[in-house]
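There are 2 protein chains.
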Amino acid sequence: MKRIVSAIEVARLANVSQSTVSRVFTPGASVSEKTRQRVLEVAEQLNYQPNALARSLITKRTNMIGLAMKDIQNPFYHEVLGIFTNKLKAKGYSVLFVYTENEEIQQEEINHFLEYNVEGIIITDAMLSSNIVTKLKNNHIPVTLFNRYDKNLECNSVSCDNINAANEIAKYVDHLYCEKIVFITGKINTSTSQERQEGFVNYFKNKGIPVEILEGDYTYERAFFLTKELIEKDYVPDVIFGANDITALGALDALKSKEIKVPEQTMVIGFDDIKMSSWPNYNLSTWVQPIEEMVDETIRLLERNQRETGHKTVKVQGKFIHRQTTK
Amino acid sequence: MKRIVSAIEVARLANVSQSTVSRVFTPGASVSEKTRQRVLEVAEQLNYQPNALARSLITKRTNMIGLAMKDIQNPFYHEVLGIFTNKLKAKGYSVLFVYTENEEIQQEEINHFLEYNVEGIIITDAMLSSNIVTKLKNNHIPVTLFNRYDKNLECNSVSCDNINAANEIAKYVDHLYCEKIVFITGKINTSTSQERQEGFVNYFKNKGIPVEILEGDYTYERAFFLTKELIEKDYVPDVIFGANDITALGALDALKSKEIKVPEQTMVIGFDDIKMSSWPNYNLSTWVQPIEEMVDETIRLLERNQRETGHKTVKVQGKFIHRQTTK
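Going down the list, the sequences are from chains P and L.
Per full-length UniProt numbering, the first sequence starts with residue 1, numbered consecutively.
Per full-length UniProt numbering, the second sequence starts with residue 1, numbered consecutively.
The set of hints was computed from the structure by calculation and includes no laboratory data.
Any given hint could turn out to be false.
The list makes no distinction among identical chains, and a pair is therefore deemed to hold if it is satisfied within one copy or across any two copies.
[What the hints assert, rightly or not] Derived EDC-like pairs (lysine to aspartate or glutamate); straight-line CA-CA distance at most 16 Å:
| id | residue 1 | residue 2 |
| --- | --- | --- |
| 1 | LYS205 | GLU41 |
| 2 | LYS228 | GLU212 |
| 3 | LYS207 | GLU259 |
| 4 | LYS275 | GLU44 |
| 5 | LYS275 | GLU221 |
| 6 | LYS87 | GLU101 |
| 7 | LYS315 | GLU292 |
Can you make the complete structure from the sequences, with help from the hints?
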């Protein structure tokens with residue numbers, strides 16, 4: 001068992017008050033350079049560590065943010081995790097991290113965050129019940145949905161304007177005179193998949209052009225299977241729009257395995273712009289989600305809730321990037 | 001600011017002692033079912049949350065493990081992170097997560113872990129100075145390197161037996177009568193790249209067969225570039241062994257872009273068995289790192305250090321998996 005050196009011992013040996021020791025270890029607190037040096041030397045000598053947890057009981061601030069994530073196989077969320085961790089670190093927050101294995105965040109996982117007194121919770125790609133949102137509200141812990149939107153939940157939400165983005169993609173496809181148009185959905189109970197479908201399909205519905213909708217699940221494997229099946233039924237689409245990049249990559253590889261020429265015979269479009277989409281072998285045309293902007297907005301909303309209550313919905317735009325899978 | 005309900009208030013209203021309330025919220029503690037129910041009801045009513053941080057000051061246990069990771073682009077580490085988080089959760093630990101942007105873990109990042117009184121630290125793919133290891137030792141915080149080994153550091157280490165694995169791969173290549181043999185390294189200052197090179201190259205050195213060594217950096221892009229350059233110099237290897245899967249996939253795509261037939265003209269072998277390697281478009285032959293076993297060993301070593309001092313080095317074996325990029 002380690003012996004914990006207290007601030008009192010450091011204060012005594014450095015011949016300063018305990019509050020001076022405390023100020024030396026509080027970012028931004030005022031203390032003379034000479035005193036600071038002396039305290040740091042004594043702290044080093046005694047192997048003293050300021051205790052963030054003990055401090056949190058006094059300041060009521062833990063500087064911890066809980067982050068819950070589900071889709072371990074989607075590279076989009078790895079990029080998201082990296083950006084969140086770095087941006088939160090730059091603001092002095094630590095990340096308490098939970099991978100959830102369930103579609104819906106479990107009470108037990110939220111309890112875990114509550115026990116550690118996190119100052120805010122970010123949920124990326126899992127569902128949240130309104131029960132849990134109410135419980136968090138009672139505990140005054142702000143929660144922000146990232147890349148998800150649920151009109152029934154009274155919490156912050158940051159996502160891409162998926163309806164508009166998918167509408168723009170539809171316009172682009174339309175000007176290339178496509179007739180056989182396929183949309184592969186993501187997990188159908190997610191707002192991202194629903195909104196992208198709505199924006200894309202409604203555009204063509206208004207023009208009386210049918211869209212073939214295939215039920216995917218945001219995985220490469222499922223999209224590969226669905227596309228292979230299409231080609232084996234002798235249906236070669238003019239364009240396939242996948243609800244995310246990993247779906248589009250699965251479709252693209254299935255087309256290649258059936259020796260369908262991309263983009264000459266079939267065009268493929270994704271959504272996200274994960275790093276892999278720009279690999280030379282893929283060169284996928286896709287919608288760029290502005291992840292940095294989305295992460296900044298998420299942190300801004302969490303911090304806003306430290307000063308005021310209420311919740312906000314933020315939609316960011318992004319842009320289409322044309323690579324080699326579209327004409 | 002939220003009002004924090006104390007265990008005393010719960011005890012009073014439930015008409016039990018404070019220690020009974022504490023037992024109800026301590027996993028495994030003895031308390032009658034009837035009392036447990038009454039306490040839980042009152043806790044719910046008062047919106048009481050047991051405070052892990054306050055408890056940690058008494059028990060000296062935070063149940064937090066610090067996890068530091070660097071390579072955000074390598075899918076191998078995303079799989080590793082998912083498995084660590086789930087296995088640690090099952091044992092009652094939380095994960096305090098840090099992405100490090102530097103080759104070597106910085107003192108500041110370690111301080112962060114120390115401030116939160118983590119019970120152990122796992123470092124995946126970053127370097128650690130012996131200074132920091134000494135400081136952690138003085139603080140009695142066990143540290144385990146995952147997928148790294150450094151004979152100069154006095155800390156636990158869990159990795160694949162890379163030398164033996166690469167030696168087995170060399171044997172396999174040798175029985176296929178290859179002459180033009182290429183090894184693309186990872187980051188050359190990592191133990192994984194050094195050991196895989198040693199095991200592979202030494203096998204052929206003993207037989208008087210030269211191996212062309214290209215300096216990669218564990219990225220897809222670098223391997224793609226190096227392989228493309230080789231082919232453009234009219235050097236078509238019989239086999240390319242990449243120091244990890246993402247390297248092998250870069251090489252594979254470069255070969256395809258130059259219309260080199262795999263495995264007929266050039267075979268490709270990776271190391272890791274990331275999920276992407278079994279995608280139908282890749283079907284990469286590779287060495288399977290037994291991630292689950294490696295994670296279990298890492299946690300076991302951290303927990304061992306709660307009872308005894310000293311450090312251990314564990315090497316696990318893994319196995320070769322033959323897919324479609326080798327004959």
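How the hints compare with the structure:
1. LYS205 to GLU41: The answer is neither: 72 Å in one copy and 53 Å across copies each exceed 16 Å.
2. LYS228 to GLU212: within (15 Å within a copy, 39 Å between copies)
3. LYS207 to GLU259: Close neither inside one copy (32 Å) nor across copies (42 Å); limit 16 Å.
4. LYS275 to GLU44: The answer is neither: 43 Å in one copy and 46 Å across copies each exceed 16 Å.
5. LYS275 to GLU221: between (19 Å within a copy, 11 Å between copies)
6. LYS87 to GLU101: Only across copies: LYS87 and GLU101 sit 12 Å apart there, 25 Å inside one copy, limit 16 Å.
7. LYS315 to GLU292: Intra 13 Å, inter 39 Å, cutoff 16 Å: intra-copy only.
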